[in-house]
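Asker: Read off the chains here:
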Amino acid sequence: MARLKEGEGKTPPGPFRPEFWKSPLRGRRLTAILGLVLLVGMGIVLITGFLSHIAYNPDLRGNAIVDPARDLPINFDWPTSPSWLFALTQGLHVTIGLVMVPILLTKLWSVMPRLFAWPLASTPAQAIERGSVALLVSSTIFLIATGLFNAQYWYPFNFGFVAAHYWAAVIFLGSFLLHVAIKLPLVVRHYRGRDHDEPDLLKAARPAPATISRRGLLAFTGAGAGLVLVGNAGQAIGGPFRKIAFLAPRRESGFPVNKTAMAAGIKPEMTGSTYRLELGNVSLSREQLLAMPQHTESLPIACVEGWSATRSWTGVRLSDLAKMAGVPDAGEVYVQSLQESGGFRKASLSRDQINDSRSMLALKVEGEDLSMDHGFPARVIVPALPGVHNTKWVASMEFTA
Amino acid sequence: MRRLYGSSPLHLIGNVLCLALAGYAIVQILGISSAGNVFVWLIGAILLHDVVLWPLYAGADTVGQRLLGGAVNYVRIPLGLSLVLALAFFATVSNEGGSTYARASGVQFEGYVLRWLLVSAALFVVSAVVYLLRRLKR
Numbered sequence: 094m095a096r097l098k099e100g101e102g103k104t105p106p107g108p109f110r111p112e113f114w115k116s117p118l119r120g121r122r123l124t125a126i127l128g129l130v131l132l133v134g135m136g137i138v139l140i141t142g143f144l145s146h147i148a149y150n151p152d153l154r155g156n157a158i159v160d161p162a163r164d165l166p167i168n169f170d171w172p173t174s175p176s177w178l179f180a181l182t183q184g185l186h187v188t189i190g191l192v193m194v195p196i197l198l199t200k201l202w203s204v205m206p207r208l209f210a211w212p213l214a215s216t217p218a219q220a221i222e223r224g225s226v227a228l229l230v231s232s233t234i235f236l237i238a239t240g241l242f243n244a245q246y247w248y249p250f251n252f253g254f255v256a257a258h259y260w261a262a263v264i265f266l267g268s269f270l271l272h273v274a275i276k277l278p279l280v281v282r283h284y285r286g287r288d289h290d291e292p293d294l295l296k297a298a299r300p301a302p303a304t305i306s307r308r309g310l311l312a313f314t315g316a317g318a319g320l321v322l323v324g325n326a327g328q329a330i331g332g333p334f335r336k337i338a339f340l341a342p343r344r345e346s347g348f349p350v351n352k353t354a355m356a357a358g359i360k361p362e363m364t365g366s367t368y369r370l371e372l373g374n375v376s377l378s379r380e381q382l383l384a385m386p387q388h389t390e391s392l393p394i395a396c397v398e399g400w401s402a403t404r405s406w407t408g409v410r411l412s413d414l415a416k417m418a419g420v421p422d423a424g425e426v427y428v429q430s431l432q433e434s435g436g437f438r439k440a441s442l443s444r445d446q447i448n449d450s451r452s453m454l455a456l457k458v459e460g461e462d463l464s465m466d467h468g469f470p471a472r473v474i475v476p477a478l479p480g481v482h483n484t485k486w487v488a489s490m491e492f493t494a
Numbered sequence: 080m081r082r083l084y085g086s087s088p089l090h091l092i093g094n095v096l097c098l099a100l101a102g103y104a105i106v107q108i109l110g111i112s113s114a115g116n117v118f119v120w121l122i123g124a125i126l127l128h129d130v131v132l133w134p135l136y137a138g139a140d141t142v143g144q145r146l147l148g149g150a151v152n153y154v155r156i157p158l159g160l161s162l163v164l165a166l167a168f169f170a171t172v173s174n175e176g177g178s179t180y181a182r183a184s185g186v187q188f189e190g191y192v193l194r195w196l197l198v199s200a201a202l203f204v205v206s207a208v209v210y211l212l213r214r215l216k217r
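Chain order of the listed sequences is A and B. In this text, residue positions in the first sequence follow the working numbering: the first is 94, and each later residue adds one. In this text, residue positions in the second sequence follow the working numbering: the first is 80, and each later residue adds one.
Hints in this document: simulated from the structure, not taken from any laboratory. Every residue gets a Cβ at the ideal spot worked out from N, C-alpha and C, and that includes glycine. Among the hints, erroneous ones may be present.
Quick list of the computed label-pair ranges, beta carbon to beta carbon [said to hold, decoys possible]: (1) V192(B) to P302(A): 22 to 28 angstroms; (2) S215(A) to V154(B): 51 to 57 angstroms; (3) M80(B) to G155(A): 40 to 46 angstroms; (4) G435(A) to R213(B): 53 to 59 angstroms; (5) A312(A) to L196(B): 20 to 26 angstroms; (6) V154(B) to A162(A): 54 to 60 angstroms.
Calculated Cβ distances over 10 angstroms to all of chain A for the following chain B residues [unchecked claim]: (7) L164; (8) Y210; (9) R217.
Turn these sequences into a full structure, and let the hints steer you where they fit.
Answerer: Structure representation (structure tokens):
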């Protein structure tokens, strides 16, 4: 056995030694810049993520995926105006989340020496902070990975996406706020020039000559973020921009379908002349629905996966159907689809959503009867409501006071 | 306090609150189906970056610096951008999401690999042109 030189027995080799880290780019300044960018970017993703959760009105019957009794006390009545509210918040959530990929990679690169700091912790404060940073890094990568897989229709995991993504976001919420509380004062001190005489723990002890400038690395990271943005943003904006989103899933030029009639098990005989909309004591054929006062509204339909499309919808106001059902001042409606099994075959709407004059049971889109894939014979359209809660192939609506 | 703990009491309170909230979330995760798989992914997420991704790209970058010397950025930048696109759009470019997407939407993922390759090729071409222009100037 070779004899150890003095001191070698204490610090493990490789990245645990300060001389392992050679890049002259690392330092407080680089990490501060990247940290500020992540603060804004991940801040938007965090807020829009929780807003998305609230937009599903989890307190109403049948809506919750996360058990409301265990949920954080954050829910409020999701508004119906502006009608593009959910398209905006969810488009930001998915697109900015994706754009964070290159920025997060560079940020982690900039602080890698701290992962291998030796001793691992010299005070209890450092030990506990390592724990909360581990939670932050783990939950961030988990959220971005599961989020982008879900938006791109890939399910390499066994768990249900919504609940796991939600609870990981709760871990992220706490660890992100704590990290900002600890590090933001250091960033402010740095920009005020008050940290000159403090050692820069991120700086290389023996730096090698630079192969790229700090500005070059930031431009490189920014270019990555820009490419990802262009690659995805068009599906959230819709219209002619859809085609520019060169790697986004929803770039087809037509009117996107989230769930085909075939996938939902909807057969033509269920939607034919025997179709009746059940409104408690009343049941209506499609002809009877068409004989009621019709209204036309231009409204977006926006999916949790971050795409949206605006169309002109024609149908019967939900408030008219509530009157028809004998509950003129309905506080809630529980809508069920003809779809017999699978997720999102039911959803409840709130009082404000029922009473908004633009909310309707749509029978037509762009002046034509709905296609089977878009919910023929009738579907719900409510402004600013998450796409999947605009129930398709509506079988029954239970209005309650 | 500072001597024993190593930071201010606020630091301790903040960390304890953060760990408590995370503990609550972890208990909730235990209650959902396939909870074990969630933890595999939470721990796997950190390992994927620290043990796989970072050593791979940092190692490749060191090799690239040795092989290419001063010209490293003309390969590093287009290659890095191309790989970031592949990572951010993994499931469309690899078509892993293709079958679920076709079932949900009634249409297929088409041309993703081709578009990714075209954008990557364009990045390398731009990089090569900049390299040649800078060499000619010298």
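Asker: Output the indices of the hints that this structure fails to meet, ascending.
Answerer: Numbers 1, 2, 3, 7 - these are the hints that the structure violates, sorted from lowest upward.
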